[in-house]
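Colleague: Listed below, chain by chain, are the residues.
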Amino acid sequence: MSLILKRALLATAVAGVLGTSVPAAAVSPGEQALKNRAISYVMTDSQWAVYQTPGGKDECPNGLSKWGPRERFKEMFPDRTPGKYSLKDTQIALEGSIWNPDTSPDTFEYILAGGTTSYGANLDGKVGPNDFTSPEGEKGIDNQLFRVIGCDDNMRGPNGTIYGVGGNYVRNVTFNRMIVELTNVDSLANDADVDVKITRGLDKLMTDSGGDRMLPGGTQRIDTRWAKKFTQTLKGKIVDGVLRTTPVPVLKMIDTRNRTPIEDLFRDGVLVLKVSSDYAEGVAAGYVDINRFYFNFNKEFNTFVQAYGRTDAHGMYKKMKELADAYPGKDGKNTAISGAVLMKFAQAFVEYPAKQVVKDDGAPSLKPAR
Amino acid sequence: MASFNRRRVLRGMLNGGAVTVSLPLLNCFLNGNGTALADGSPMPLRFGTWFWGCGMNARIFNPAKTGTNFEFPEESAPLQKVRKHINMFSNYNGYRDGAPNLCHYTGWVITKTGQAPDSRNDRPASTIDTLIARQIGRTTRFPLLNATATGDAQTSFSYEAGTLNPAEYSPVNFYTRLFGPDFQDPNAPTFTPNPRIMARKSVLSGVLEQTTSLMSEVGAEDKQRLEQYFAGLRSLEHQFDLQLTKPTPIASCKAPSGPKDPQAGMASELVSARHDLMTQLMVMAVACDQTRVFNMAYSAAQAATIKVGYEKPHHTTTHEEPVDDKLQYQPVVSWFTQRAMEKMADFVEAFTKIKEGDGTLLDNCLIYCTSESGLARIHSNDGIPLFAAGRAGGRMKTGYHIDGKGASNGAVGYTMMRLMGMDVKSFGTKSNESSTPIGEIVA
Amino acid sequence: MRVNTKIAGLVAALAVVSFAAQAAAPKKSDTLIEDYVAEPLPPGFQVIVTERDGPVFADAKGHTLYNWPHRGLRIGSAGDYAGKSACTDERVTVTGGHMEPYPPGLTVPNAENRPTCAQVWPPALADADAKPVGAWSVITRDDGRKQWAYRNQAVYTSFLDHGPGDVLGTTAAGPGGRAGGRNVVGPASNVPPVFTVNSTIRGRMLRADGRAMVYTWDKDQPNRSNCTAKCLNDWKPVYASALAESRGQFNVFEREPGIRQWAFRGRPLYTRAQLLGAPDLNDEGGDVPGWREVYVQTVLPPPKEFTQQDTITGIVLADKHGKTLYVYNCQEDTSDQLSCDYPEAVQDYRLAICGRGDPVRCQQQFPYVPAAKNAKSESGLWTVMWINPNTGRRAQEGQAGAMSVWAFRDRPVYTYEGDLEPGDIMGHQFGESEGLNNGYTAYFIKNVFFGRE
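For the protein sequence lines, the chains are X, G and D, in the order given.
Going by the working numbering, the first residue of the first sequence is number 8, and it counts up by one from there.
Going by the working numbering, the first residue of the second sequence is number 5, and it counts up by one from there.
Going by the working numbering, the first residue of the third sequence is number 1382, and it counts up by one from there.
What the hints contain is simulated information worked out from the structure, not anything from laboratory work.
Incorrect hints may have been included.
To be verified - Listing some non-contacts, in silico: residues in chain G with all C-beta distances to chain X over 12 angstroms:
{"no.": "1", "residue": "Val-13"}
{"no.": "2", "residue": "Gly-44"}
{"no.": "3", "residue": "Lys-85"}
{"no.": "4", "residue": "Pro-104"}
{"no.": "5", "residue": "Gln-243"}
{"no.": "6", "residue": "Asp-245"}
{"no.": "7", "residue": "Gly-269"}
{"no.": "8", "residue": "Asp-350"}
{"no.": "9", "residue": "Gly-363"}
{"no.": "10", "residue": "Lys-429"}
{"no.": "11", "residue": "Pro-441"}
As the list claims (entries may be wrong) - Computed footprint of chain X on chain G, listed as stretches where at least three residues anywhere in the stretch have a Cβ under 8 angstroms from a Cβ of chain X:
{"no.": "12", "region": "95-101"}
{"no.": "13", "region": "318-326"}
{"no.": "14", "region": "374-383"}
These figures come from a predicted structure and were not determined experimentally.
Using N, Cα and C, we set each Cβ at its ideal position, and we do this for glycine too.
One chain only, chain X, in its complex shape (with noise of 0.2 angstroms):
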């Protein structure tokens, strides 16, 4: 019998007992998660942290991204005549060098973000003169990826492509259903020391009948399996209803807009969640890896998609590197760049599998089991 429907049955029950007919006060599934002093949250939302102001007026004075792969095309090799070009010469070329990139310059003018108000963490404790201010008001946001994405057309919302279609991703491919398990929670108001576990789920996300919105009280079975390598545990605070864990090395995230398997790494990575009952939202943080990032993009979003929105792949790398601030390499260039991903959760139960158990006719027995 599903929890909701329990929680039905024994409110009606409870009215009877009273000999009333009003219903005993709904208890929200998170509430409930609560008093095992546990809850968890499964990923219904994820976009790459772009912070927009009406028109981009703010962000984006000099407008958005112009120098897609067809404008970009069209100006090199502007002759239409059939036989005029050579595939090698041209196409190929360029898609030889977004599959190999360097740091040369480029001609094409690449659109970068401005302003000084965008999402992230403070991944340095510094305030810095190229740090942002979140829209919260807090200072020293180290976002400098936001720069370089934030006037694609792409990446904006709401009509954005890979914004839209690729958060439509987000909720439709399983791969994406993202756990964070809390543990040791005494309060979602405060409570000094929470362990965070993150995993993944194997079921469909919990939504009303359009299929936007997402609900609270969904039960995920934990994929033990495939997500060995996303099952990460990390210490948090909440403070002010707000999740703040402590920065590891790498936190690895999961977070495909399409069909390929991404695993997106965060040097110095923190979770920084709004939490209550029946949701979180907030950003995931930290030195994003530029060729991960980059290389995964690509993977992502075919030529044509990043054509939908004027997304210049060749400016986007250069651009990575100069504004990269963080994990010099050998050559000592940085090689990490602070970013954020916004993310949503609804509340989710979660199940592990079970323990195989032969019975007596021979079948496996699927009891749950943590």
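For this one, chain X is given, so just place chains G and D on it according to the hints.
Modeller: Okay, now just chains G and D, sitting in the frame of chain X:
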């Protein structure tokens, strides 16, 4: 009429092969006032669908007013000429109930089945046309006819028990199928109907004697209708003949050895031309009761129609074209939508040109016109545009704009089923399950 | 017409298991060959049972037959309409612009020497007086020659196939190129109507009702199901209707009075009663001990030195060091949709992606998988070939710089320098269009999260 069989077809031989010419519902087959068949059975009721891809922009597509007193805005303005024959349903949504939003797929599957698919391989239930065909398609030569103007047999939005019904993509093939032999006998001597011969000599020449006899037996009005029908058929054949014998420019100067279809390609004008040919054939097939269930797809879900001089096809344009600052919509996308609406209007109008009984063929039809998304740019399943054309044998009133206010489009599907006389309790499942017809349009 | 069945390249003995799953050791006396529905064939044509694609039609020389059904592309379309052949002797030298956003009209590499469609896919020609046979008909090509068609689709051989049993032109499933929408053509599997058979990386997999995977249980006896009571919560017998009749290797038995169930070679068949998780998961109950997926025919094991590795989305085949193996896929954007994924094809596409034109960089980024020159694999799908790593072309033993490498379906396989630990798949979908038009994809034995479509 003893010389004519129950199916009202003329059969003959042409150049050694069999040909078939079905007849429209002549007055001599009907009762005295043309409201039923001569034997008392009701006039056959037909169900059709018409489809276009990539939806519309509600801001400039949906009329501001509801009821009968409304104006079509610019994007749906081409429908004005068939306004009195159609009903428009706006703000009806396709609900997914947690199923994924599969771009350019979920929307039409929900609209046509009332169920959301779980994956692109998933074809839940059966589409509404096949459900209706099970009931009314059993007595006709073809239970269902499926055609497209795209030139691609896979452009079909009709499936049954998980199997897609491929579409007739070639007007020449379609013509051959409708007017060729009734069936292919696998044991017969090799004969493949040669459409070139059929078109050049006209299938009518294969049934000349019967035609002459028929013309001498029918009344003046029927004679006039037959002349109109035969003239229309001959005109089509003439077009095919021209297409079939026109040399195709080939550098090696080899003469084509076989018949070729009207020019392939996705330029809007070519799609329009194919659509017109397919429409004429389909109307003939329906009028002659070769089928009572028919589907026409103007474009694919990811519509690939091209505007000559513009480098991106329709679907790509929905994603790449920026919203015009002044117009507040995508102007080229709107251009594509208007072309689609023009052809939808043409399709509906074509059925009004055939006289049947005391009215027209359209009066005995119900044509459900749909798309696969609302705003294609964001693959929205909200407000998927829907229309119903015809009078369904007098069961449906027309000329209405109905605002669904966010209800499931299963309500429209259910209404279609009930108008077709299907005794069903509901249409669709979960949030799309509907069991109440839209009363405003029920006569 | 005489139906001549040949079995090519199969070593005896596999039980009804996947080589990747927990399995009893195969018995050498068993032979598992897919049963098919015989039908009349044109003179000389035959059916050859191939290792991964099951029974296929082949011409008199044993060359596998393929078709190329017409289909819509992103822009435009390609392929054969029913009763016609679009695969001609015309040399296509420019792109068709079918894949956005690049325009048509770009001269393809090596244009003047580019093979024609009919050279890569020689039409299965028919004699001038050939007569239709069963589902086979004769169509007339544009040049007047006659060609065989099966169910109205023109058929071809592939110039990549060397002999009987080769299916190198295209592949129905698993890693390997899409060959522009071409398919292998073969007879129907001899399975009851409730079942279908699909090619997978591990063999010819049985499914029920179009989608559901089918299983057997080790604890059943021949034609006796022990799955009762609680077992039925998780496993659903594939029931047979009252009128169902045993057929081929499938039989019906009564599990209870009046309740009939299908069995394959006497092993009762089941589907999962409910999905393990969300519908998009590649739900394979073969992970449950004692339960095995059903194949009507399995492929033979890959080279012994290879390993299997768990990844974030399933199981991949890897080299002896645990590095994931990759295949290279390539499809030209031309009206004839020819592949460019084999050593004899132009290498410009691959060299651009893996090294920006630099073969040395290519070998660093996607190195070949070295093989001992005499190495053998049980499976005919895996061979050792000599390759010139600087050109990507097939080489001869002894030629300067030539190396012996592992090949899958006569195409080299690779590892990726970015894979640092066993189970890494960082090279998966590296390249254009998720690695399928010009790029690399991992050799998945099972892709749990992205394997359904």
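Colleague: Does each hint hold? Answer for all of them.
Modeller: Status of each hint after checking the structure:
1. Val-13: G/Val-13 clear of chain X: closest Cβ-Cβ about 49 angstroms, beyond 12 angstroms.
2. Gly-44: 46 angstroms, holds
3. Lys-85: 33 angstroms, holds
4. Pro-104: Violated: least Cβ distance 3 angstroms, not greater than 12 angstroms.
5. Gln-243: 31 angstroms, holds
6. Asp-245: 33 angstroms, holds
7. Gly-269: 16 angstroms, holds
8. Asp-350: 32 angstroms, holds
9. Gly-363: 41 angstroms, holds
10. Lys-429: 20 angstroms, holds
11. Pro-441: 21 angstroms, holds
12. 95-101: Per the Cβ count (4), the hint holds.
13. 318-326: holds (count 3)
14. 374-383: holds (count 3)
Consistency with the previously given hints fails for number 4 only.
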